Amino acid sequence: MVNLYLVFDLLLALTLMWVGWRTLTSPDLFRGVVLFIAFGVLMTLAWVRLEAPDVAMAEAAIGAGLTGALLLDALADLRARRSHQDIEVSRLAAVSVITLALAGVLSWVMLTLPAQHASMHAPVTQPPNASGITNPVTLVLLVYRAYDTLLEMAVLLLAVIGARALHDEAPVGRAAPQYDLLAPAARVLLPAILLVAAYLLWAGATRPGGAFQAGAVLGAAGVLLRLAGLLPSPATYRRWMQMGLVSGFMVFLLVGVLVIFAGLPWLGYPATHTKALILLVETGLTLSIGMSLLSLFMSVPEQRSPSTHARASAS
Amino acid sequence: MNALEWIAAILLIAGALFFFAGTVGMLRFPDAFSRLHALTKVDNLGLGLLVLGLALQSGSLAIALKLLLIWVLAIVAAATGAYLVANGASRRP
Numbered sequence: 001m002v003n004l005y006l007v008f009d010l011l012l013a014l015t016l017m018w019v020g021w022r023t024l025t026s027p028d029l030f031r032g033v034v035l036f037i038a039f040g041v042l043m044t045l046a047w048v049r050l051e052a053p054d055v056a057m058a059e060a061a062i063g064a065g066l067t068g069a070l071l072l073d074a075l076a077d078l079r080a081r082r083s084h085q086d087i088e089v090s091r092l093a094a095v096s097v098i099t100l101a102l103a104g105v106l107s108w109v110m111l112t113l114p115a116q117h118a119s120m121h122a123p124v125t126q127p128p129n130a131s132g133i134t135n136p137v138t139l140v141l142l143v144y145r146a147y148d149t150l151l152e153m154a155v156l157l158l159a160v161i162g163a164r165a166l167h168d169e170a171p172v173g174r175a176a177p178q179y180d181l182l183a184p185a186a187r188v189l190l191p192a193i194l195l196v197a198a199y200l201l202w203a204g205a206t207r208p209g210g211a212f213q214a215g216a217v218l219g220a221a222g223v224l225l226r227l228a229g230l231l232p233s234p235a236t237y238r239r240w241m242q243m244g245l246v247s248g249f250m251v252f253l254l255v256g257v258l259v260i261f262a263g264l265p266w267l268g269y270p271a272t273h274t275k276a277l278i279l280l281v282e283t284g285l286t287l288s289i290g291m292s293l294l295s296l297f298m299s300v301p302e303q304r305s306p307s308t309h310a311r312a313s314a315s
Numbered sequence: 316m317n318a319l320e321w322i323a324a325i326l327l328i329a330g331a332l333f334f335f336a337g338t339v340g341m342l343r344f345p346d347a348f349s350r351l352h353a354l355t356k357v358d359n360l361g362l363g364l365l366v367l368g369l370a371l372q373s374g375s376l377a378i379a380l381k382l383l384l385i386w387v388l389a390i391v392a393a394a395t396g397a398y399l400v401a402n403g404a405s406r407r408p
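In the order they appear, the protein sequences are chains A and B. Going by the numbering used here, the letters in the first sequence line up with residues 1 to 315, in that order. Going by the numbering used here, the letters in the second sequence line up with residues 316 to 408, in that order.
Incorrect hints may appear among the rest.
What the hints assert, rightly or not - If the Cβ cut is set under 8 angstroms, some of the chain A residues that face chain B in the computed set are: (1) LEU181; (2) ALA185; (3) VAL188; (4) ALA192; (5) LEU194; (6) LEU195.
Hints are computed from structural coordinates only; laboratory data are not their basis. Note that the structure is predicted; figures quoted are calculated from it, not measured. Cβ atoms here follow ideal geometry from the backbone N, Cα and C, with glycine treated the same way.
This is chain A alone, in the form it adopts within the complex:
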């Protein structure tokens, strides 16, 4: 009998490549974005088949969901201002050269690294019992590769600061409620979404889940509220949002430094409080990731009709 799983996997791989190709070559940008979201959903399925549920969840929430929403939003803005926007060729060329050079240097660094085959398999699948963390992905992210995750959060923070510097929040805080049904639906779904985020954060210690998945769900809740026009003016909570943005990096750094005073190595957790400390760090990371994603979404101006945009750029 032909292995049905193999048939499914082959079909999935072929569809992925086909949808990816169509996404890149679609002349219609809207169609391209929709195909990109479909690509994310298929990619999620691929991760499930590879038995990587943690990555699958992150892909579904960030790759398909939030990135899709961001791209759709950017597309609407692009359409509203297309006639006013001319990209200078010289600037485009300069940016391309710089990015390519950076990519070249990074590739060179990667290629010249000494070959190391340090396998995490043994320590991760037989974790020390004292920690109470049994999910191998969480173990790698927050214990064995904590420094990498810390730097990742720093990079994310820098990216959000960069995006916010390029574009301030839209001047209009409260979106005009365009659709009657969105706000009630958001009110119904919000408790469930927050519960899922909290559950994912808690479950990350022993099962698939963790800060990145929980943060993505939290960010999605913010995006939903924003779209439904339920968020108040950004000015009223800007300070809270900024604190949320830095909380992950700050808490992580603080824990990493404070353990030094207990005579432990940098970012080393004391054996007795590992789980509590990791949960504390993960709570900060969840807040930060959620706020970062929401903040990226908010720095895209709200949909404006072409006429108001023309007036805004004329003044």
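Chain B: place on chain A using the hints.
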């Protein structure tokens, strides 16, 4: 196979048929509204039948309730999404 497994299998196949019909409808129907009409059948009835079939197969009340919750959430999301798409389509000149 006992009776429960047969019922589960029939429910799953019926659900899959709804998904198939809905997909054909989305590809073949002429405008956004009739496509939505085809897709909402998939979300409500198709997913409902799949959830029922899987719940019978699971043999655990906790898993069955979680599956039911997924169905309810998907219905709320699908109803809202269908409304938004229809609203957007009706505004388009």
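Results for each hint:
no.: 1; hint: LEU181; result: holds, 5 angstroms
no.: 2; hint: ALA185; result: holds, 4 angstroms
no.: 3; hint: VAL188; result: holds, 6 angstroms
no.: 4; hint: ALA192; result: holds, 6 angstroms
no.: 5; hint: LEU194; result: violated, 13 angstroms
no.: 6; hint: LEU195; result: violated, 11 angstroms
Checked against the numbered hints listed earlier, the structure breaks hints 5 and 6; every other hint is satisfied.
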